[in-house]
Each structure stands twice: as structure tokens, then as C-alpha cells.
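Could you build all of it, start to finish, from the sequences and the hints given here?
Those protein sequence lines, which keep their order, are chains H and L.
Counting in our numbering, the first sequence runs from 185 upward without gaps.
Counting in our numbering, the second sequence runs from 40 upward without gaps.
Hints listed in this document are in silico derivations from the structure and should not be mistaken for laboratory results.
Where a beta carbon is used, it is the ideal one built from N, C-alpha and C, also for glycine.
Treat the hints with caution; some may be incorrect.
As the list claims (entries may be wrong) - Quick look at which bits of chain H chain L covers, simulated, 3 or more residues with Cβ under 8 Å: (1) 186-198; (2) 228-240; (3) 398-410.
Said to hold, decoys possible - Each computed BS3-like pair below joins lysine-lysine, with the alpha-carbon atoms no more than 30 Å apart: (4) L:329 with H:232; (5) H:191 with L:329; (6) H:314 with H:337; (7) H:190 with H:314; (8) H:232 with H:337; (9) L:329 with H:256; (10) H:232 with H:191; (11) H:230 with H:256; (12) H:366 with H:216; (13) H:337 with H:366; (14) H:230 with H:337; (15) H:395 with H:366; (16) H:190 with L:329; (17) H:190 with L:59; (18) L:200 with H:190; (19) L:250 with L:59; (20) L:250 with H:446; (21) L:250 with L:200; (22) L:130 with L:59; (23) H:232 with H:314; (24) H:230 with L:329; (25) H:232 with L:164; (26) H:216 with H:191; (27) H:191 with H:230; (28) L:164 with L:329; (29) L:202 with L:130; (30) H:314 with H:230.
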Amino acid sequence: MSQFQKKTQITRLERLGSDIIRITLDSPEISKIATPGQFVMVRTGKGKDPLLRRPFSISQVSNGRYFQILFKVVGRGTALLAHCREGEYLSVLGPLGSGFQIDYTTINCLVGGGMGIAPLLFLGKWMSRKCPDNLPLVVIGARTEGELEPLVKDFQEIGLSVYPATDDGSLGHHGFVIDVLKNLNLDAGSKTYVCGPYPMMLAVHLFCKEKGFSCQVSMETSMACGMGACLGCIVPVERGGYAHSCFDGPVFDAEELLWEVK
Amino acid sequence: MGSKIKEVDLGVSIGSLRLKNPVMTASGTFGYAREFEPYVNLHRLGAVVVKGISLEPRAGNPPPRIVETSCGMLNAIGLENVGVNRFISEKMEYLQVVNVPVVVNILGDTLEEYREIAERLADVKGVAAIEVNISCPNVKKGGVAFGTVPAMAAAVTAAVKQKSTVPVIVKLSPNVTDITLIARAVEDAGADSVSLINTLIGMAIDHRTRKPRLANVIGGLSGPAIKPVALRMVYQVAQAVSIPVIGIGGIETVEDVLEFMLAGATAIQIGTANFINPRASEEAVEGLAKYVAEQKLGSIREIIGAVVIP
Chain H
185 MSQFQKKTQI TRLERLGSDI IRITLDSPEI SKIATPGQFV MVRTGKGKDP LLRRPFSISQ
245 VSNGRYFQIL FKVVGRGTAL LAHCREGEYL SVLGPLGSGF QIDYTTINCL VGGGMGIAPL
305 LFLGKWMSRK CPDNLPLVVI GARTEGELEP LVKDFQEIGL SVYPATDDGS LGHHGFVIDV
365 LKNLNLDAGS KTYVCGPYPM MLAVHLFCKE KGFSCQVSME TSMACGMGAC LGCIVPVERG
425 GYAHSCFDGP VFDAEELLWE VK
Chain L
40 MGSKIKEVDL GVSIGSLRLK NPVMTASGTF GYAREFEPYV NLHRLGAVVV KGISLEPRAG
100 NPPPRIVETS CGMLNAIGLE NVGVNRFISE KMEYLQVVNV PVVVNILGDT LEEYREIAER
160 LADVKGVAAI EVNISCPNVK KGGVAFGTVP AMAAAVTAAV KQKSTVPVIV KLSPNVTDIT
220 LIARAVEDAG ADSVSLINTL IGMAIDHRTR KPRLANVIGG LSGPAIKPVA LRMVYQVAQA
280 VSIPVIGIGG IETVEDVLEF MLAGATAIQI GTANFINPRA SEEAVEGLAK YVAEQKLGSI
340 REIIGAVVIP
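In C-alpha cells form, the structure reads like this:
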């Protein structure tokens with residue numbers, strides 16, 4: 185498996201909302217071989233604090249040269265990244281992990297919530313390019329229109345049908361993505377590709393299980409290295425013990441995981 | 040750069056084990072080495088120390104296992120590993136081909152387990168040394184007591200020495216009142232070297248949820264935050280024992296390596312820095328070669344313990 189540690193230049197930094205940032209990085213090495221669902225580890229500062237890299241899903245790849253990350257400012261690391269300037273360099277490790285297994289022969293539905301939408305954009309674009317006759321449906325949700333609207337547009341630009349939901353009803357369905365998914369009445373044999381908050385992924389998994397749909401989920405965990413050394417990024421699995429999000433995942437068949445039902 | 044490294048003498052010895060340079064990777068931060076193949080020319084390192092191996096496989100602790108702290112991180116992995124048999128059958132083949140000395144870190148809950156692992160490793164080709172973990176703070180049984188009571192540390196050392204066919208390094212815990220007492224006890228019991236320090240036991244709490252940030256509640260602190268403590272302990276232990284000391288604790292750069300060697304370390308291990316810069320170990324080797332050439336030293340050994348105390 186090819187992986188790189190690269191100084192990558194920020195070619196673009198966009199503010200999609202008050203605290204949502206999209207960064208475009210120039211790295212042909214990473215962009216050429218990345219597949220949807222894979223991630224990168226990014227150094228957010230130059231010194232010893234914050235010490236660890238931060239994991240980000242690859243949210244777009246273009247021209248075999250540029251890739252994007254999309255994130256919300258939630259702590260010190262993301263705040264530092266948000267204050268970077270175009271032209272600056274970031275140290276990036278990647279592409280890491282194993283991504284989505286795509287089936288082009290059935291109805292595909294991408295289901296995302298919040299920043300979990302990031303890898304689905306890459307996936308949607310990939311699917312529409314590889315198989316333009318079988319475009320995936322897109323069900324995505326966020327708190328408000330401000331957070332969701334730019335992402336809805338991104339999917340629409342590549343010709344995908346989007347079914348949005350917001351917590352406050354400011355865009356699309358007033359409520360959760362799971363309700364939208366249920367109302368789509370997908371045919372038997374449909375497949376879902378899911379990334380978002382844990383309760384959302386759990387709800388989608390349980391619905392898919394009931395309907396007999398396959399369901400792949402991308403898990404977010406805390407990790408130090410992203411390359412199989414620290415063993416921090418574990419997720420409990422159904423057969424007992426743990427899988428490692430960084431090399432077994434971050435994308436898993438939802439049936440393989442041991443879900444914590446509250 | 041490559042030719043320069045060959046010109047200078049970076050060689051050091053740990054007992055009967057000769058290393059081409061003093062840079063090793065710390066157990067638990069370098070996987071089984073293969074994980075770092077995309078980033079590091081493994082054969083250029085002094086040695087690699089693999090993830091700690093127990094007699095039986097261990098699943099480790101529940102998540103979260105890792106939390107970042109100021110200039111450092113806390114971990115409570117819980118000694119997750121594949122067990123000695125799978126290590127030998129699945130991991131050693133690759134390491135034999137790589138042509139880098141492999142130090143196998145071992146751990147157990149009883150003297151018998153330590154002895155048994157040492158015995159199984161005794162005839163395995165490519166194992167250059169054994170590092171005995173008597174200091175991991177995460178497992179309730181055994182781990183803490185072995186590392187904190189001199190007589191127990193000596194007993195483990197003797198048990199491993201009895202079965203081992205390669206040099207035995209004992210990795211010391213800093214979570215003791217006087218680390219030199221433990222160091223002397225394991226030297227007397229036949230240890231060929233001591234490595235220090237393992238992680239310092241720490242804790243992090245989320246004030247919003249009022250919960251500990253680690254599922255295990257407490258964990259081991261590593262990274263730049265612990266470097267001054269490690270340096271002090273290496274300095275003290277190097278004066279207390281006559282066997283080689285291997286320095287560990289917050290080492291990232293060649294400057295850090297030099298400081299530990301000046302304090303008395305014969306070799307060093309790079310740990311947490313591997314997570315942030317997977318090339319840290321190889322860069323340290325390159326930096327040492329440059330240093331020896333620029334300072335016109337006969338060998339890197341000249342700086343071991345050469346700190347000038349006014």
C-alpha cells in the first residue's frame with residue numbers, strides 16, 4: 185500500500201459557514217491514489233503543542249493533483265487550521281485506511297450527517313464518473329441551512345439528486361436523515377454508504393438490517409498515528425474484541441461492528 | 040547524505056549486541072516495523088523494538104485509549120498484541136528480511152510467563168535482544184509490582200536471563216521513588232542493559248462531562264512533556280550502574296538524542312515522535328552522522344556521559 189508524508193501547499197481555504205472550513209491541498213502523490221473513504225493525517229501546528237496530527241476524510245479529489253478536507257472548528261487543532269493562509273504548507277500523511285466497497289449494479293444511497301458528509305462527496309463524484317448510468321441518491325442532514333446548503337450544491341453540481349434534512353427545518357425535511365431515508369422506499373438489494381454522528385449511523389444500520397440493505401459506515405475515532413502503530417483507534421466488533429479504524433477501516437460493514445444501543 | 044553516514048562511526052554496543060548507530064524505536068510506537076516501511080529505510084536504524092509481546096494474545100482496553108495533553112499524550116492501550124506464537128509465525132519473517140536488529144519487548148503477569156516467552160524466543164532467528172517490560176502501568180496484575188519493587192524486578196530479570204540466548208534489556212518504570220534502586224537490582228540480577236523511562240502515569244478529565252478522558256481512567260504520559268524527567272533519570276541511572284543505559288522519553292530530534300547521550304545514554308529510543316513524524320528515527324540517524332562529521336569526533340561514543348557539570 186502506498187502512503188506518503190508530504191509538505192502540501194494550501195491552494196485554497198474557504199469558509200462555508202461561520203465555523204466550517206474547506207481546504208484544498210496540492211499533492212499529486214496523494215490525489216492520484218486516494219479512493220473514497222480514505223483519510224489523511226494533518227499536522228495542525230509547527231511546534232510541540234498540539235502534538236498529534238488530526239485525521240480528516242478526503243472530501244474531494246480533482247485533476248489527479250488536488251484534494252480537499254472539510255471540517256468544523258471544534259478544538260485547538262481545527263482552529264489552527266482555520267487560521268492558515270493560502271500558499272502555506274501543511275504536513276500530510278496519506279492516503280490512509282481502507283475506503284468504501286462500491287457496488288455499481290444496484291441502487292446506491294449515500295447517507296451523511298454534519299461533517300460526515302465530507303467523504304460522501306468524494307464517493308458521489310467517484311460513482312458518477314465510473315458509472316454515470318447508475319447515479320447514487322444522496323440523503324444528507326445538518327443542524328441548519330447555513331451548514332448544509334453549500335454541500336447540497338456540491339452534490340447537485342455533479343448531477344446527483346439530494347434529499348436534505350435539517351434539525352431546525354430551515355432546509356429540506358424538518359428532522360433527521362433517517363426519516364428521509366425511510367420515506368425513499370428503496371428497493372430490496374439497495375446499498376447504503378454512511379458517515380455521520382454515531383446515533384445517526386446506528387439508526388441507519390438498524391433500518392438497513394430490517395430491510396435487508398447492505399450498510400457501510402465510516403467510523404470516527406481518536407487516533408495518534410493513522411498507520412497502525414498506536415492502536416488507539418479501535419472499534420468493538422460483533423465477533424468479539426476490536427478492529428482498528430485506521431487500517432481495518434475507517435469504513436466497515438455495519439453488521440461487523442458491535443453497536444452500543446442506548 | 041548516504042555516503043556521509045558510512046564515513047563516520049556511529050556504532051555502539053549493548054552487551055554483546057553491536058548496533059550500527061544508537062537510534063532505536065520504542066516499543067508500542069513502531070508496530071512490528073512493517074507499518075513504517077512506506078516512510079523509513081528500516082535497515083538504516085540501529086534497531087527496532089517491536090510492540091510488547093505476551094504469552095497469549097491480548098485484546099487491550101476499551102476505547103477511548105488515547106488522549107492528547109499539553110505537549111504530550113496519554114495512552115491506555117492495555118498491551119494489545121498478537122501473542123508470542125503469532126508474533127513468531129506472522130511478524131518475524133518480514134523482520135528477518137529487513138536486516139535490522141530486532142529487539143522483542145516482552146511482558147507477563149507472572150515470572151513463569153516471562154520465562155516461557157523468553158524460552159520461545161530463544162531459537163528464533165533475527166531476534167537480537169529482549170527488552171523486558173516490567174513497567175507498564177496499565178495492567179493491574181503484576182506489571183506495577185514487578186517494576187516498583189527491587190526484589191521483584193530482579194526476579195523477573197533473572198528468570199528471563201535464565202532462558203534467553205540474547206542480551207536482556209530491562210525497561211524501567213519512572214513511577215517509583217528511586218529509579219536507581221531498581222536499576223541496580225536488575226543489574227545485579229544479570230541485566231545486560233536498562234532502558235528508561237517508560238510512561239509516567241497520568242490522568243485527564245473532561246470538565247464538561249465530568250468523566251475521565253480515558254476509558255481506563257488513568258494512562259501513560261509520553262511525548263515532549265516528559266523529556267526533562269526522562270533526562271534526569273537517565274543521568275542518575277547512568278551514574279548508578281555500569282551496564283549501558285538506553286534513554287527514552289520525548290525524543291524527537293537529533294538535538295534530543297545528543298542530550299540523552301550526554302546525560303549518559305549509550306543508545307536511545309524514539310517513541311511518540313514516530314506517530315507525528317514517521318521518519319523521525321531515520322532523520323535522527325542522519326543528524327547524528329552530520330554531527331559527528333561536523334564536530335570531527337572519532338566516534339559518537341565520545342559524547343556518552345560527556346555532560347559538563349560545572
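Against the structure, the hints:
{"no.": "1", "hint": "186-198", "in the structure": "holds (count 4)"}
{"no.": "2", "hint": "228-240", "in the structure": "holds (count 6)"}
{"no.": "3", "hint": "398-410", "in the structure": "holds (count 5)"}
{"no.": "4", "hint": "L:329 with H:232", "in the structure": "24 Å, holds"}
{"no.": "5", "hint": "H:191 with L:329", "in the structure": "23 Å, holds"}
{"no.": "6", "hint": "H:314 with H:337", "in the structure": "21 Å, holds"}
{"no.": "7", "hint": "H:190 with H:314", "in the structure": "28 Å, holds"}
{"no.": "8", "hint": "H:232 with H:337", "in the structure": "39 Å, violated"}
{"no.": "9", "hint": "L:329 with H:256", "in the structure": "43 Å, violated"}
{"no.": "10", "hint": "H:232 with H:191", "in the structure": "18 Å, holds"}
{"no.": "11", "hint": "H:230 with H:256", "in the structure": "21 Å, holds"}
{"no.": "12", "hint": "H:366 with H:216", "in the structure": "36 Å, violated"}
{"no.": "13", "hint": "H:337 with H:366", "in the structure": "23 Å, holds"}
{"no.": "14", "hint": "H:230 with H:337", "in the structure": "34 Å, violated"}
{"no.": "15", "hint": "H:395 with H:366", "in the structure": "10 Å, holds"}
{"no.": "16", "hint": "H:190 with L:329", "in the structure": "23 Å, holds"}
{"no.": "17", "hint": "H:190 with L:59", "in the structure": "28 Å, holds"}
{"no.": "18", "hint": "L:200 with H:190", "in the structure": "44 Å, violated"}
{"no.": "19", "hint": "L:250 with L:59", "in the structure": "47 Å, violated"}
{"no.": "20", "hint": "L:250 with H:446", "in the structure": "18 Å, holds"}
{"no.": "21", "hint": "L:250 with L:200", "in the structure": "43 Å, violated"}
{"no.": "22", "hint": "L:130 with L:59", "in the structure": "23 Å, holds"}
{"no.": "23", "hint": "H:232 with H:314", "in the structure": "43 Å, violated"}
{"no.": "24", "hint": "H:230 with L:329", "in the structure": "24 Å, holds"}
{"no.": "25", "hint": "H:232 with L:164", "in the structure": "39 Å, violated"}
{"no.": "26", "hint": "H:216 with H:191", "in the structure": "16 Å, holds"}
{"no.": "27", "hint": "H:191 with H:230", "in the structure": "12 Å, holds"}
{"no.": "28", "hint": "L:164 with L:329", "in the structure": "33 Å, violated"}
{"no.": "29", "hint": "L:202 with L:130", "in the structure": "22 Å, holds"}
{"no.": "30", "hint": "H:314 with H:230", "in the structure": "39 Å, violated"}
The earlier numbered hints that this structure contradicts are 8, 9, 12, 14, 18, 19, 21, 23, 25, 28, 30.
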